[in-house]
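*Asks:* Per this note's numbering, residue 23 is the first one in the sequence shown, and the count goes up by one each step.
The set of hints was computed from the structure by calculation and includes no laboratory data. Be aware that one or more of the hints could be misleading.
To be verified - Here are the in silico distance ranges between beta carbons for each label pair: (1) Phe49 with Val29: 38 to 44 Å; (2) Ser27 with Phe47: 26 to 32 Å; (3) Ala24 with Val50: 35 to 41 Å.
Backbone N, C-alpha and C fix where the C-beta goes; we use that ideal spot for every residue, glycine too.
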Amino acid sequence: MANLSYVIVIADVLDWNMMRRADAFFFVS
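Work the whole structure out from these sequences, hints included.
*Replies:* Below you can see the structure in the form of structure tokens.
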């Protein structure tokens, strides 16, 4: 269970970074 929650947190952080990157990309272009 501990490993599962850790993976979920990692995925959430990666997803947030992806959205921020997309925001920056659309803002620039």
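*Asks:* Just to be sure I understand the hint, the distance between the Cβ atoms of Ser27 and Phe47 should be within 26 to 32 Å; is that true here?
*Replies:* At roughly 30 Å between Cβ atoms, Phe47 and Ser27 fall inside 26 to 32 Å, so the hint holds.
*Asks:* Given a hinted range of 38 to 44 Å, is it respected by the beta-carbon distance of Phe49 and Val29?
*Replies:* Given a distance of about 30 Å, which is not inside 38 to 44 Å, the answer is violated.
*Asks:* Given a hinted range of 35 to 41 Å, is it respected by the beta-carbon distance of Ala24 and Val50?
*Replies:* Check passed, 39 Å falls within 35 to 41 Å.
Checked against the numbered hints above, the structure breaks only hint 1 and satisfies the rest.
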